[in-house]
Amino acid sequence: MAAVQETIDQVRRIDVEQYKYGFVTDVESEKAPKGLSEDIVRYISARKNEPEWMLEWRLEAFRRWQTMREPEWARVNYPPIDYQDLHYYSAPRKKPELASLDEVDPEILKTYEKLGIPLREQEILAGVVRPEGERRIAVDAVFDSVSVATTFQAELKAAGVIFMPISEALREHPELVRKYLGSVVPVSDNYFATLNSAVFSDGSFVYVPEGVRCPMELSTYFRINEKNTGQFERTLIIAGKGSYVSYLEGCTAPQRDENQLHAAVVELVAMDDAEIKYSTVQNWYPGNAEGVGGIYNFVTKRGDCRGARSKISWTQVETGSAITWKYPSCLLRGEGSSGEFYSIAISNGRQQVDSGTKMMHIGRNTTSRIVSKGISAGRSQNTYRGLVSAHRKAKGARNFTACDSLLIGDQCGAHTVPYMEAKNPTAVFEHEATTSKISEDVLFYCVQRGLSQEEAVGLVVNGFVKDVLQQLPMEFAVEAQKLISISLEGSVG
Amino acid sequence: MTALLEIRDLKAEVAGRQILNGLDLTVNKGEIHAIMGPNGAGKSTLSYVLSGKPGYTITGGEVYLNGEDLFAMEADERAAKGLFLAFQYPLEIPGVATLTFLRSALNAQRRKRGEEELSSPDLLKRVRELAKQLGIDPDMLRRPLNVGFSGGEKKRNETLQMALLEPKLCVLDETDSGLDIDALKVVANGVNQLRAPERGMIVITHYQRLLDYIVPDVVHVLAAGRIVETGGKELALELEARGYAQYQSEAA
Ligand SMILES: Nc1ncnc2c1ncn2[C@@H]1O[C@H](COP(=O)(O)OP(=O)(O)O)[C@@H](O)[C@H]1O
Ligand SMILES: [Mg+2]
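Chains as they are written, first to last, in the UniProt record's numbering: chain A, 1 to 493; chain B, 1 to 252.
Bound conformation, chain A alone:
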């Protein structure tokens, strides 16, 4: 509602092709030398003071990775990546161990301020005027390869929730990390996940114990700042029996001419009756209109509904990155467990998106729901790729899939590649797909009422994605809505 208005205002203020988060922060950083070798893996592990088993785990991944080949099945095109021409570790030089937020480099604090992410708890608490009932949000801020600040830790701890950088969790809760790390996305899962296992630097660790409803939203903001640096985030979320947690990640990067690699792994584990809601607002630098620069976003995200009646819900708003290769998935193992995937994927300029989900029905009476909204503009290519499968024992498995594509202009492409495999005869899978062009008549109708062409596109698109936007936590829905309009700028004549 009001947000649509804000969307429009935002669009009006910003020039076409201007990526708002494209600035660079000037901080001194400590970097690993370029290249990837066992020594670099040892270096990263040593920088993080990791236990010996972790180093072994990484080395095993690295050896494995050397035997693997980069996947080629996705509908994306890019020149070969020189994995020896990247830095695998970069950290702001000051204060690796912070006693309080006051010790965070002021330049970094300013960066997050510019990004609109409050890191000072007192500011968050004092707030300006907050709408009634708005929840507070704990933030973990990851800058290049390290977490620079995590807010509300004390309050969360009192509730029994662990929320900290994974590097810290490796030292403070090694038994928990060791038990779950790689248990959903195995070390050898795929090329990028294996690379991540060898060199991951930071990310968030969340543990919500049995019966606890996490008292606030948790979120991580990833920022790539250094150039020629890959970011390899690793996030692990465990929800104990009957617990609930809602987590959101956001990401931005400076505007640079060379491509940068972001290869993340996210693992979620939900026990009996637990629920995890994982939302992403992905806004990595998309490259310019000619396709120069931008992030390669090669991400493996998987949730394991391990317990009976557990539930995992992925919601993503993907607007950034030069290339997106991402399939947040659910392993529906627990009886009666359910998985959801709600996605808005927008591509403009020369962006390439190949994204979707896998819903693997393994337990009995498991259900899943997929709602995907793809919007292609400019000269972009946007593919939905999904797999729904039912295991032999998945009696009563049910899936509903709806894939809608909207084309803006006639130089872009939308593709839908759904796979279905039911090995149990009782499985019921429903699939609906539509592809439409944004209607000139509808746009004119809006323009005749006083909206500019761009405002009209924003309105129509916001309507198109509404079902998914509603799945986001309220605070982020508004932000996402703005982002959608901004990323479609210049898409109409």
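None of these hints come from the bench; they were simulated from the model.
Watch out, some of these pointers could steer you wrong.
[To be verified] Quick list of simulated restraints, FRET-style, between CB atoms:
{"id": "1", "chain 1": "A", "residue 1": "Gly409", "chain 2": "B", "residue 2": "Ser120", "range": "31 to 41 Å"}
{"id": "2", "chain 1": "B", "residue 1": "Tyr89", "chain 2": "A", "residue 2": "Asp85", "range": "57 to 67 Å"}
{"id": "3", "chain 1": "B", "residue 1": "Gly135", "chain 2": "A", "residue 2": "Pro425", "range": "53 to 63 Å"}
{"id": "4", "chain 1": "B", "residue 1": "Ser120", "chain 2": "A", "residue 2": "Pro80", "range": "51 to 61 Å"}
{"id": "5", "chain 1": "A", "residue 1": "Pro80", "chain 2": "B", "residue 2": "Asp69", "range": "51 to 61 Å"}
{"id": "6", "chain 1": "A", "residue 1": "Val428", "chain 2": "B", "residue 2": "Tyr213", "range": "52 to 62 Å"}
{"id": "7", "chain 1": "A", "residue 1": "Glu430", "chain 2": "B", "residue 2": "Tyr89", "range": "25 to 35 Å"}
{"id": "8", "chain 1": "A", "residue 1": "Gly409", "chain 2": "B", "residue 2": "Ser177", "range": "52 to 62 Å"}
{"id": "9", "chain 1": "B", "residue 1": "Gln193", "chain 2": "A", "residue 2": "Met474", "range": "30 to 40 Å"}
{"id": "10", "chain 1": "B", "residue 1": "Ile58", "chain 2": "A", "residue 2": "Val428", "range": "55 to 65 Å"}
{"id": "11", "chain 1": "A", "residue 1": "Gly409", "chain 2": "B", "residue 2": "Asn39", "range": "26 to 36 Å"}
{"id": "12", "chain 1": "B", "residue 1": "Lys132", "chain 2": "A", "residue 2": "Pro425", "range": "49 to 59 Å"}
{"id": "13", "chain 1": "B", "residue 1": "Asp69", "chain 2": "A", "residue 2": "Gly413", "range": "38 to 48 Å"}
{"id": "14", "chain 1": "A", "residue 1": "Glu52", "chain 2": "B", "residue 2": "Ser120", "range": "56 to 66 Å"}
Note that the coordinates shown come from a computational prediction; the quantities given were computed from them, not determined experimentally.
Ideal Cβ positions, reconstructed from N, Cα and C, are used throughout, including at glycine.
Given chain A's structure and the hints, the job is docking chain B with the ligands onto it.
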């Protein structure tokens, strides 16, 4: 006194075909003009050319809205200057609540005119009032714009938009089409409430029926892309009796 709308020798084509062939029309403030004519005469084309729909090429003539060159303005500017077209077939926008659409439109116009935006509570109050006057179920405001609306609801919604936006010149294209007599009365009643000394209207219709309820000051016959006859409201009744055959042969 400057005319509200002045059309001089307007020529326009669509898809390479000349449809308007030198059309003249002057509408003063406070007047209601009916434009009648056979199917395919160019009535809708005129409404689209005035409102700036893409795809129509002006090949001659000029149009002034309150003395300002209409063709120098973008379509959204024309709307902000008070030109409103009630569509024959209003369009559907899935996922966009009617109220959201109304707010977006009104505030877009206000911004363009350098006016302050209307706050959400004020807007809601205003829209509710108008909806009540037009016999519109407030529940409709939450439904996506025109999606699944009946013909009558769509036309009522057009009238609601018109009432909210308070245009200076209303162009109603076949507002009566697809309406039963009861719905027609409701919509006509809504339009009549908008009659005002500062406002002009062009009511396009194929049938005389609508003009029993929205009584025009002037009636024109549009055939083959130009105004071929002009008279008082009694002309509508004559046309009803004799039909358009005469003009069609004239055009041919
Ligand atoms: N987009 C278009 N492409 C081709 N011909 C058109 C288009 N729009 C209108 N026409 C033609 O222009 C003529 C006038 O149409 P229109 O203005 O809709 O008439 P009316 O509203 O008086 O019935 C018709 O012959 C119609 O077929
Ligand atoms: Mg017509």
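Okay, the hints, checked on the actual structure:
1. Gly409(A) / Ser120(B): 31 to 41 Å: Holds: the Cβ-Cβ distance is about 33 Å, inside 31 to 41 Å.
2. Tyr89(B) / Asp85(A): 57 to 67 Å: holds, 58 Å
3. Gly135(B) / Pro425(A): 53 to 63 Å: holds, 54 Å
4. Ser120(B) / Pro80(A): 51 to 61 Å: Taking Cβ atoms as reference, serine 120(B) and proline 80(A) lie about 53 Å apart, which means the hint holds.
5. Pro80(A) / Asp69(B): 51 to 61 Å: At roughly 58 Å between Cβ atoms, aspartate 69(B) and proline 80(A) fall inside 51 to 61 Å, so the hint holds.
6. Val428(A) / Tyr213(B): 52 to 62 Å: Cβ of valine 428(A) to Cβ of tyrosine 213(B): about 54 Å, so the range 52 to 62 Å holds.
7. Glu430(A) / Tyr89(B): 25 to 35 Å: With Cβ atoms ~32 Å apart, the hint holds.
8. Gly409(A) / Ser177(B): 52 to 62 Å: Since the Cβ atoms of glycine 409(A) and serine 177(B) sit about 33 Å apart, the hinted range of 52 to 62 Å is violated.
9. Gln193(B) / Met474(A): 30 to 40 Å: Holds: the Cβ-Cβ distance is about 39 Å, inside 30 to 40 Å.
10. Ile58(B) / Val428(A): 55 to 65 Å: Holds: the Cβ-Cβ distance is about 57 Å, inside 55 to 65 Å.
11. Gly409(A) / Asn39(B): 26 to 36 Å: Holds - the Cβ-Cβ distance for glycine 409(A) and asparagine 39(B), about 34 Å, lies within 26 to 36 Å.
12. Lys132(B) / Pro425(A): 49 to 59 Å: holds, 56 Å
13. Asp69(B) / Gly413(A): 38 to 48 Å: Hint holds: Cβ distance 41 Å, inside 38 to 48 Å.
14. Glu52(A) / Ser120(B): 56 to 66 Å: holds, 60 Å
Violated hints amount to a single one, hint 8; each of the other numbered hints is respected by the structure.
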